[in-house]
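**Q** Each chain, written out:
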Amino acid sequence: MTGFGNLARRGAIRAAGKYRRDFDEKIARNVARGRSRLRVTAYLFTAAFVLVSARLVDLTILKAQPSHANIRATVSQPQSDRADVVDRNGVLLATSLSTASLYVNPQEVFDVDKAVEKLTHVLPELDREGLRRKMIGDHRFAWIARNLTPRQQHAINDLGLPGFGFRHEDRRVYPLARLFAHVVGYTDIDNRGLAGIEKYFDDRLRLPMVHPAEPFSVSLDGRFQHVLHEELTAGMDGFHAKAAVGVVLDATSGELRAMVSLPDFDPNHIRPEDDHARFNRATQGVYEMGSTFKLFTAAMALDGGVVSPNGGYDASEPIQLARHTIRDYHGKARWLSVPEIVMFSSNIGAAKMAQAVGTDEQRKFLERLGLLGRTRIELVEAARPIIPSPWREINTMTIGFGHGLAVTPLQLTSAVAAIANGGIYYPPSILPRPRQTQGVRVVSSSTSSELRKLMRLTVAHGTGGRADVEGYRVGGKTGTAEKVVRGGYHRDALISSFVAVFPIDEPKFVVLVLFDEPRGPENKPRLAGGGWTAAPVAGKIIARLGPLAGIAPRAAEPVPLPASVKLDRESQTASLSQTAVARQVSAPATDRASASTTGTMEELLSQILGAVH
Amino acid sequence: MRRSFAIGILCVAGMAWGVFYMKNAVRTLDSELALTRETYDATVKRIHVLKAEWSYLNRPERLARLARRHLELQPVSTAQIVAFNQVPLRTVVRGGGQ
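Each protein sequence line maps, in turn, to chains G and U. Quick note on my numbering: the first sequence kicks off at 2 and runs consecutively. Quick note on my numbering: the second sequence kicks off at 66 and runs consecutively.
Next up, chain G with everything else stripped away, as it sits in the complex (with noise of 0.2 Å):
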């Protein structure tokens, strides 16, 4: 046993140790593999984390943006969603504040007796019961009250009651209230455009706001407009006039500066019965304008050379021609000179030098003021003119003197600083010009300074004496034409009116007042035309804005009679006291015309056509 034994262990031995060596053989290629795999292992995980970090530096430090363009993007946007309106000087017309709007929750609220004592002491104009019943109850939701002011918020706050909350609305705001109300106009309650720039422009001032916000700049001046507004107002109470225009432009350029409609209204509170007061004169108005039209007829005839300015027309005697009859008021009875026509405001002469220049040749000539289309302004409210249709021989003498035409005071504005700016017909506008503007021209710079001649020897001399301001070098002319009322032309209810042009040596604003059926002293008609009611008005706004203007005023100059004015006694009298009432187209009031009851421009037109037929 032992020798086998020992054999057999032996061998065991041997077995074993080889098998150790084996063992061990394996154990270090195994670890040399795992180590080379681990190598490799770390090796890839280096590779990768090489590369992520490459890739980092990458994107934060090489192309990195500047930190700035993050912060821009992410600042929120203004909460309004409408820009702002200013006026030329940066003076907010219209705004979109955040207001805030009480509600109540009943579910929260502890002391209903208290919060209802509370709140009524903030709030007077609350009532109790309805208070208290909309605090009681199964709902979570009622408004209590809707965009308060921001001290009531605060008041409201410091109460600190449970159970109450605000939620923010926009609500569109006029600061000036009326001052702007036609032209800037007003919104519905989502604060859509419903009229003035607020319609026109709706769109624009709609777009989403860049940052930061830019307001919507006019042309208008709100000085302007306020000196505009209190002088109007104080004349229209003074002459108990129903309405009032008044309008300042620009001559060299067609900017608006200043335009009002009376009466007005308050844009912040739309009330039903203002409804007619939202009509606005300016633009949507058609008047006859009277003698003012008188400029453009002693234009065009001169410009055409048609009539020098030393010609002149025989006025004796009155016109005849079918059934009318075309006289003037305080007739001189006898030969006129242009000047003449112009400064005592005759019918007669202006009639024939329409005449003399011809229908055509009228026609072409106030198209080219703008006078037969739509009004140009960037407005809804513009309307189109009343004009003869067809245009015969009768109403080119009638609106020789401004009859049987009826314009808006904005477009008769715009085109008397056409003839008074040297010749250039600009559309008028509520946007700021650039200087250099595009006009058209529509008379020759002489014919121009001929006219500047002509308004200023009215004002000096002639019927718009009460519109001079020393200083300003006033011109203009008046004009005084009668109402259509229940189909005839009535005596006592007028649109008198002026247009003013200062300095009148160098144009720069055109003035225009106007006034729908006021009364002179006394009630004496005569005392109601233009002369007296509308110049005298325009001079205290001349007065007022020329030093706002920053005109300098200068020492007051003789105006020279030309030689072919005289001014006897009897016309001097006759200037300050009649502004030549253009009632003079006396037709036979047909059936159709007495058979309506309003006063429109249509009536007049079917008076004046139908008598011709």
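Don't read these hints as lab results, they were simulated from the structure. All of these numbers come straight from a predicted model, not from anything done at the bench. Errors might be hidden in some of the hints.
Claimed, not checked - Each computed DSS-like pair below joins lysine-lysine, with the alpha-carbon atoms no more than 27 Å apart:
1) U/Lys116 - G/Lys200
2) G/Lys64 - U/Lys88
3) U/Lys110 - G/Lys200
Mind docking chain U on chain G? Use the hints.
**A** Below, chain U without anything else, positioned relative to chain G:
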């Protein structure tokens, strides 16, 4: 081996601390930014309201009323405006006893 392991642990710990610190700093900055934005919004709104109020208080009609009540000023008349060379300069009289 052990040393590199220790270095690795240290590195990881350092990075973890760095990340934590950075994150904390970013969070602080973030809340600061949110606060600034809130203040900015509130200020913009406030300026907006103040502008409206300023315009409301500067109504020409109100200014005229206040001027009438508190100032003893008259509107300038054209006669009061003259060119500079038309202003008579004061002549200085020397030695005048009276």
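**Q** The structure should be examined with respect to each hint, and the outcome stated for every one.
**A** Hints versus structure:
no.: 1; hint: U/Lys116 - G/Lys200; in the structure: holds, 23 Å
no.: 2; hint: G/Lys64 - U/Lys88; in the structure: holds, 22 Å
no.: 3; hint: U/Lys110 - G/Lys200; in the structure: holds, 25 Å
The structure agrees with every numbered hint stated previously.
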